[in-house]
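Enquirer: These are the residues of each chain, in order.
Protein chains: 2
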Amino acid sequence: MLAAIRSRAAGVAGLGSGFRRVRLGIGDDCALLRPRSGEEVAVTTDLSIEGRHFRLNWHSPESVGHRTLARGLSDLAAMGAKPVAAFLSLGLPRELTVAENGPAWVERFLDGLLGLAREHRVPLVGGDLAESPLAVADIVLTGVVPRGKALLRSGAKAGDRIYVTGSLGGAAAELAALSTNPEAFQDRRRGDAAPHLFPQPRVKQGIWLRKCGLASAAMDLSDGLSTDLQHLCEESGGAAEVESAALPLGTGASLAMALHGGEDYELLFTAAKDVRVPQAIAGVAIAEIGRMRAAKAGRPTVALRTDNGLEPLMANGWEHFSMNAEKKLKNG
Amino acid sequence: MLAAIRSRAAGVAGLGSGFRRVRLGIGDDCALLRPRSGEEVAVTTDLSIEGRHFRLNWHSPESVGHRTLARGLSDLAAMGAKPVAAFLSLGLPRELTVAENGPAWVERFLDGLLGLAREHRVPLVGGDLAESPLAVADIVLTGVVPRGKALLRSGAKAGDRIYVTGSLGGAAAELAALSTNPEAFQDRRRGDAAPHLFPQPRVKQGIWLRKCGLASAAMDLSDGLSTDLQHLCEESGGAAEVESAALPLGTGASLAMALHGGEDYELLFTAAKDVRVPQAIAGVAIAEIGRMRAAKAGRPTVALRTDNGLEPLMANGWEHFSMNAEKKLKNG
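Chains as they are written, first to last, in the numbering used here: chain A, 1 to 332; chain B, 1 to 332.
A few of these clues could be false.
[Claimed, not checked] With beta-carbon atoms standing in for the labels, derived distance ranges:
| id | chain 1 | residue 1 | chain 2 | residue 2 | range |
| --- | --- | --- | --- | --- | --- |
| 1 | B | Gly283 | A | Asn101 | 36 to 46 Å |
| 2 | A | Pro133 | B | Pro312 | 28 to 38 Å |
| 3 | B | Gly102 | A | Lys204 | 45 to 55 Å |
| 4 | B | Arg36 | A | Arg276 | 30 to 40 Å |
| 5 | A | Pro312 | B | Asp187 | 50 to 60 Å |
| 6 | A | Met314 | B | Gly102 | 49 to 59 Å |
| 7 | A | Lys273 | B | Arg36 | 36 to 46 Å |
| 8 | B | Ala184 | A | Glu183 | 49 to 59 Å |
| 9 | A | Ala256 | B | Pro133 | 25 to 35 Å |
| 10 | B | Leu255 | A | Lys204 | 35 to 45 Å |
| 11 | B | Pro133 | A | Glu243 | 34 to 44 Å |
| 12 | A | Pro133 | B | Cys212 | 39 to 49 Å |
| 13 | A | Thr180 | B | Asp187 | 22 to 32 Å |
| 14 | B | Arg55 | A | Gln186 | 55 to 65 Å |
By construction, these hints were calculated from the structure, which means they are not laboratory data.
Beta carbons: idealized from backbone N, C-alpha and C, even for Gly.
Can you make the complete structure from the sequences, with help from the hints?
Expert: Put into structure tokens, the structure is as follows:
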């Protein structure tokens, strides 16, 4: 299996602009990255575990591979970092590595992962393989960003407007449908409108935001708006008010799914109120969904404005929409 | 658990020389590393899985934490890289996170991991946490090395002498004893002579070798001398001859354990025959164990010289000594 992965990874290695920053890939004790002078290196890790983040009878192997990489790319996007290289630690039961009536599960997993890698021109340059009673995949993404220019969660100020890319809740809606009839979803492929099975990390949009310098804070929406906006408020030392009517609902999504669903992998960002934010960035719509407020004792950190007035928006109110409700070391 | 780890990691964050190269740690979508101008960034990942790399009834939680980090540090050592920052993706069954008659398993795991991190002045700056049916820990180590100066596996030439740090087979001997009477080993701690439970990654020795420039090739001994020397020969395009009588046997180790045992985490390196290699580096003994030969059709890649003459040394002849016989993406 080692030789197969090495050979397949080599097919991606030469593709990317990231490749110019990879001095040494698979084959030695470490990979070596060569950032340019004045660049910082962004690093993120995301652990995906069978039964927690995906299910073998719900998710096609291509979807698991795609989602594994998408989670890491989305973290880079949130910092405005340009992807340089990916590392994959993969633990698999032996039966998933054996071909039977078609390619082995791991081959199709790699199809999904390397397909998205190719799209974002990020080479797979290292990792680890082990036999495991259940499937686990830890993805490490590295990227570069000019010194001091990364988008952080911590810069939002009272009065700033709050924006999201794309739409919210579509992943939760697709997951809900998937859970009732998994067979109907086995043909979905990358490029289909499949926000849960094949999410599109907003790498271009993140880099655009970093380059134009209009965002005061940014992060990606992995745990759901209610949870993630709470984190942004905590890191920025502020509060937020979301307009219910302004939320861009994904296909089939309820308001609850948009607020709490998670795994949309859209970007959440803030900008000063006098900054002109475009209606779309690199082909993806941008919606203004609320504003930052000063934090105040006795006032909820995140509040939702509806026809009935303002109500507290609790983090993770609908945890069961998400397969991925765990807390993270860095909440990526 | 997130807050606890974040707080404990913060205790290590300020310690290291590595810290000056960490701009942003736990708390945002990515960590940000700031290598100095002219530095390359070394990255390695190592996946540890319950039942494959450790057993809950054999290994104390401190040992599992220590070994998790030691594997990554040893890969950095093999390149001569200076550790900068560690990332940990941790999947755990809920019961391992709950305190009961003393600290929770995860607390003691972190004691082991962060104890070694402190010793090597490497901060834990990110990662991921998830609930998992079995314990899995993927460690990511990043380090820096001056541009073009990393020790590689690929530079050994015919005639070069082959060296190892420390002694070989001690880890396999301790594992064999441990497997017959685990209770007797529960009190072993970092600093004890416990090459399997608490291996000492040769970070200082690797950096010394890189700085003085005497090694033509280097790697760490994780899979066992017979396997790892084979890899070094493949990457260097040569062959090797090992002197049986010259092998420095670890405590309790048989010749077979020294040849095939694995997990010693010593360094294997080569140097031109006219280079003077010291008898010890940073307090660890160095032994000359053989020489590189030209690769030749019909001759084994790695051969062992004993009283009976020269015989082929097959890779992984004694796989069962090792709990970690899987092939790796990068053979770290």
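Enquirer: Per the hint of 25 to 35 Å, is the separation of the Cβ atoms of A:Ala256 and B:Pro133 within bounds?
Expert: holds, 29 Å
Enquirer: Taking the CB of A:Pro133 and the CB of B:Cys212, does the distance hold inside 39 to 49 Å?
Expert: Holds, at about 45 Å.
Enquirer: Taking the CB of B:Leu255 and the CB of A:Lys204, does the distance hold inside 35 to 45 Å?
Expert: violated, 58 Å
Enquirer: Could you see if the CB distance from B:Pro133 to A:Glu243 stays within 34 to 44 Å?
Expert: holds, 41 Å
Enquirer: Do the beta carbons of A:Pro133 and B:Pro312 sit within 28 to 38 Å of each other?
Expert: holds, 35 Å
Enquirer: Is the gap between the beta carbons of B:Arg36 and A:Arg276 within 30 to 40 Å?
Expert: Holds - the Cβ-Cβ distance for B:Arg36 and A:Arg276, about 38 Å, lies within 30 to 40 Å.
Enquirer: Given a hinted range of 50 to 60 Å, is it respected by the beta-carbon distance of A:Pro312 and B:Asp187?
Expert: holds, 51 Å
Enquirer: Just to be sure I understand the hint, the distance between the Cβ atoms of B:Ala184 and A:Glu183 should be within 49 to 59 Å; is that true here?
Expert: holds, 54 Å
Enquirer: If you check the beta carbons of B:Arg55 and A:Gln186, does the distance land in 55 to 65 Å?
Expert: violated, 37 Å
Enquirer: Tell me if the beta carbons of B:Gly102 and A:Lys204 are separated by a distance inside 45 to 55 Å.
Expert: 51 Å Cβ-Cβ, so the 45 to 55 Å window holds.
Enquirer: For A:Met314 and B:Gly102, compare the CB-CB distance with the range 49 to 59 Å and indicate the outcome.
Expert: Given about 34 Å between the Cβ atoms, the range is violated.
Enquirer: Just to be sure I understand the hint, the distance between the Cβ atoms of A:Lys273 and B:Arg36 should be within 36 to 46 Å; is that true here?
Expert: The hint (36 to 46 Å, Cβ to Cβ) holds, given that A:Lys273 and B:Arg36 are roughly 39 Å apart.
When each numbered hint is compared with the structure, violations occur for hints 1, 6, 10, 13, 14.
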